[in-house]
Amino acid sequence: MAQILAVLEQRQGTLRKVSLEVLAAARTLADQLGGGATVDGLVFGTGAVEGTAALGKAGADRVLLAAHPDFGLYNPDGFAATTASIGGSYAVIVFPATASGRDLAPRVAAKLGVACATDVTEVGVEGGKVSAVRPVYAGKALQRVVLGGAPAVLSIRPNTFAVAQAADRADAATAALDVPSFTQRVTVKEVKAPAQSTLDVAEASIIVSGGRGLKEPGNFKLIEELAAAFGTAAVGASRAVVDAGWREHAAQVGQTGKTVAPSLYVAVGISGAIQHLAGMRTSKVIVAINKDKDAPIFKVADYGIVGDLFEIVPRLTEEIKKIRAEH
Amino acid sequence: MRIAVCLKRVPDTTTKIVIGSDGKSIDENGVKFVANPYDEYAIEAALALKEKAGAGETVVYSLGTDAAQETMRTALAMGIDRAVLLQGGGSPDGLEVAKALAAELKSGGFDLILFGKMAVDDYNHQVGVMTAELLELPCISAISHLAIEGGTVTAEREVEGGVEVVTCALPAVLTTDKGINTPRLPSLKGIMAAKKKPFELKPVTLGAGGLTVTGLTLPPERKAGRIVGEGPDAVSTLVQLLRNEAKVI
Ligand SMILES: Cc1cc2nc3c(=O)[nH]c(=O)nc-3n(C[C@H](O)[C@H](O)[C@H](O)COP(=O)(O)OP(=O)(O)OC[C@H]3O[C@@H](n4cnc5c(N)ncnc54)[C@H](O)[C@@H]3O)c2cc1C
Ligand SMILES: Nc1ncnc2c1ncn2[C@@H]1O[C@H](COP(=O)(O)O)[C@@H](O)[C@H]1O
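Going line by line, the protein sequences match chains A and B. With my numbering as the guide, the letters of the first sequence map in order to residues 23 to 349. With my numbering as the guide, the letters of the second sequence map in order to residues 191 to 439.
Treat the hints with care, as some may be off.
To be verified - Lysine-lysine pairs mimicking DSSO-like chemistry, simulated, CA-CA at most 27 Å apart: (1) Lys313(A) <-> Lys206(B); (2) Lys211(A) <-> Lys242(B); (3) Lys133(A) <-> Lys296(B); (4) Lys39(A) <-> Lys437(B); (5) Lys343(A) <-> Lys437(B); (6) Lys162(A) <-> Lys222(B); (7) Lys306(A) <-> Lys413(B); (8) Lys413(B) <-> Lys162(A); (9) Lys162(A) <-> Lys206(B); (10) Lys392(B) <-> Lys206(B); (11) Lys437(B) <-> Lys313(A); (12) Lys206(B) <-> Lys306(A); (13) Lys133(A) <-> Lys243(A); (14) Lys343(A) <-> Lys306(A); (15) Lys79(A) <-> Lys385(B); (16) Lys321(A) <-> Lys413(B); (17) Lys306(A) <-> Lys296(B); (18) Lys222(B) <-> Lys387(B); (19) Lys222(B) <-> Lys437(B); (20) Lys321(A) <-> Lys242(B); (21) Lys315(A) <-> Lys437(B).
Note that these hints are calculated values from the structure, not bench results.
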């Protein structure tokens, strides 16, 4: 019977949403592999983690808790050693392609001597082997790959796999997993909060991004106000304004910034250069506001308004506030 | 300070992708190739560290076809001391690439081995980390800030909603993200000097690997969007569409 290991992520004792997405991808593979394949969720922490029982509904059959006093923050060597210690008995290991998952997945794959398909947006089974689709060349092409190794190691792109909530599935039982002895060569000392923007673009379901069309850094206030009007939206930026020092690099969307896939992406005063599109073209709905009707951003936008952002954005902020107050 | 930098030759990021006749790779006809942008940050970091230390050697390694020589010359022109090309076809399996690089780097006696965080062609995001595992060296990936003091590396890496501060001891493997520095442009003097720098060619054979590419396709076109209108008067229509048609607010 095939077993699938879903490597989950928690922060300060709370599971992150991407963990549910990893379980959804793992469950899809379990169902396609058939033969009663099961899914184990692996969680690292210093002690118990909230809400692990409810992971059953999201696709886990069992939750393994690897507790260690040094697992409060990401611990590359410890997490990799622990995952690799049990990884060999699984048919598939699924990671999130997050900042830590992108670091951890190749470590584990190398320890197990198998290939790793990173940042995948679709998973499946072909001729009994795990297959995946991954955006390559800045999202300008989709590569289909088949993993021959055992285990097959994958990392999934956040915000891509729909979270499952199967009411009929049982709660997941939690079992303690022994952490093997490991040499800690790398230490995460702390996680500093960024100076700007509270919500990360990689996590947000609505993003409002600004570009050079805003003319000067102070005008980003318009973008912040529109983001606030949506409720919980993140503020993004084009590289032009990040390089000019108006916004932090953490906010940059695009090929040398973050790849995002929110349900709504609003591009304000952004021309839509190919490198910017690389980071946001898989957004579910794209809105563009630009004074140039020929700007390339309109080619990917579901809805566009041609005109002066300084007139349009304040009006949009008002109308969004109004409609949100009504409903 | 002895520093190695691993460099990949990749299509320029503005390349229009045309699928090749095998249906699994791109048509390279007319494609302009450049140094992977993330590797340029690694080159700059290596040069700055050597300059600060006042002594040492920087070496650029690449695994690829002979065409990679041209890209490696750019690294030499920027100031890297010598180049080693591992002549081989490459592999979609990052572990096979990492094995070839690790075998070569193992005996190099490097204090630091630098990689880009990812190659902009395959988006694999793995070769640096895997090489570190194979060499059993500490590794900090995707760093946007670097300080080295008395044999200790302190680096910062961007994570969701924050910045991690991470430390390890030398020798180490680091992979670089944007933000760490601004790569210098090769000077005319540098370009001339590069022609005389040592350049080694070593054939390598890669293993078959565990990852097979079965297809490459263009992404589905986004369905044609529409211009809702012009100027602020179009805002009400937009909001109605977002609410009733797209259902995102
Ligand atoms: C290797 C490489 C990597 C890169 N990576 C990235 C990346 O990750 N992310 C990224 O974004 N870019 C990236 N770039 C840069 C990219 O090519 C563009 O230069 C950049 O995206 C442009 O930013 P922008 O749209 O803000 O500015 P511009 O291209 O200058 O566009 C400004 C837009 O604002 C509009 N505008 C001006 N005034 C108004 C107004 N009053 N009302 C409405 N609209 C107005 C204009 O019509 C124009 O379309 C990269 C480039 C390279 C070479
Ligand atoms: N063929 C190669 N030759 C030299 N270095 C490489 C090669 N492929 C990848 N790398 C290095 O590994 C990094 C990550 O690449 P990747 O894992 O393919 O995204 C790159 O930024 C390079 O520094």
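For each hint, the structure was consulted:
Our distance criterion of 27 Å between C-alpha atoms is met by Lys313(A) and Lys206(B), whose separation comes to about 26 Å. Distance hint between Lys211(A) and Lys242(B) is fulfilled; the C-alpha atoms sit about 25 Å from each other, no more than 27 Å. Straight-line distance between C-alpha atoms of Lys133(A) and Lys296(B) comes to about 17 Å, which keeps the hinted pair within the 27 Å bound. A C-alpha spacing of about 22 Å is found between Lys39(A) and Lys437(B), which places the hinted pair at or below 27 Å, so the restraint holds.
Proposed proximity of Lys343(A) and Lys437(B) is supported: the alpha carbons are some 16 Å apart, at most 27 Å. As the CA atoms of Lys162(A) and Lys222(B) are separated by approximately 16 Å, the hinted pair is consistent with the 27 Å bound. Of the supplied pair hints, the one linking Lys306(A) and Lys413(B) holds, its CA atoms being roughly 11 Å apart against a limit of 27 Å. Of the pairs offered as hints, the one joining Lys413(B) and Lys162(A) holds, with about 16 Å between alpha carbons and a cut-off of 27 Å not exceeded.
Taking the CA atoms of Lys162(A) and Lys206(B), the gap is near 8 Å; set against the 27 Å cutoff, the hint holds. Under the criterion of a C-alpha separation no larger than 27 Å, the hint pairing Lys392(B) with Lys206(B) is inconsistent with the structure, at around 32 Å. Our distance criterion of 27 Å between C-alpha atoms is met by Lys437(B) and Lys313(A), whose separation comes to about 26 Å. Taken as a hint, the Lys206(B) and Lys306(A) pair is honoured in the structure, with Cα atoms around 23 Å apart against an allowance of 27 Å.
About 48 Å separates the Cα atoms of Lys133(A) and Lys243(A), which puts this hinted pair outside 27 Å; it is violated. Under the criterion of a C-alpha separation no larger than 27 Å, the hint pairing Lys343(A) with Lys306(A) is consistent with the structure, at around 22 Å. Restraint check for Lys79(A) and Lys385(B): not satisfied, since their Cα atoms lie roughly 63 Å apart, outside the 27 Å limit. Taking the CA atoms of Lys321(A) and Lys413(B), the gap is about 9 Å. The hint holds against a cut of 27 Å.
Distance check on the hinted pair: Lys306(A) and Lys296(B) sit about 46 Å apart at the alpha-carbon level, beyond 27 Å; violated. For the given pair, Lys222(B) sits about 25 Å from Lys387(B) by alpha-carbon distance, which is consistent with the 27 Å threshold. At roughly 42 Å between alpha-carbon atoms, Lys222(B) and Lys437(B) are farther apart than 27 Å, so this suggested pair is violated. For a cut-off of 27 Å, the pair hint linking Lys321(A) to Lys242(B) is broken: about 47 Å separates their Cα positions.
With a C-alpha separation of about 25 Å, the suggested pair Lys315(A) and Lys437(B) falls inside the 27 Å cut-off, and the hint holds.
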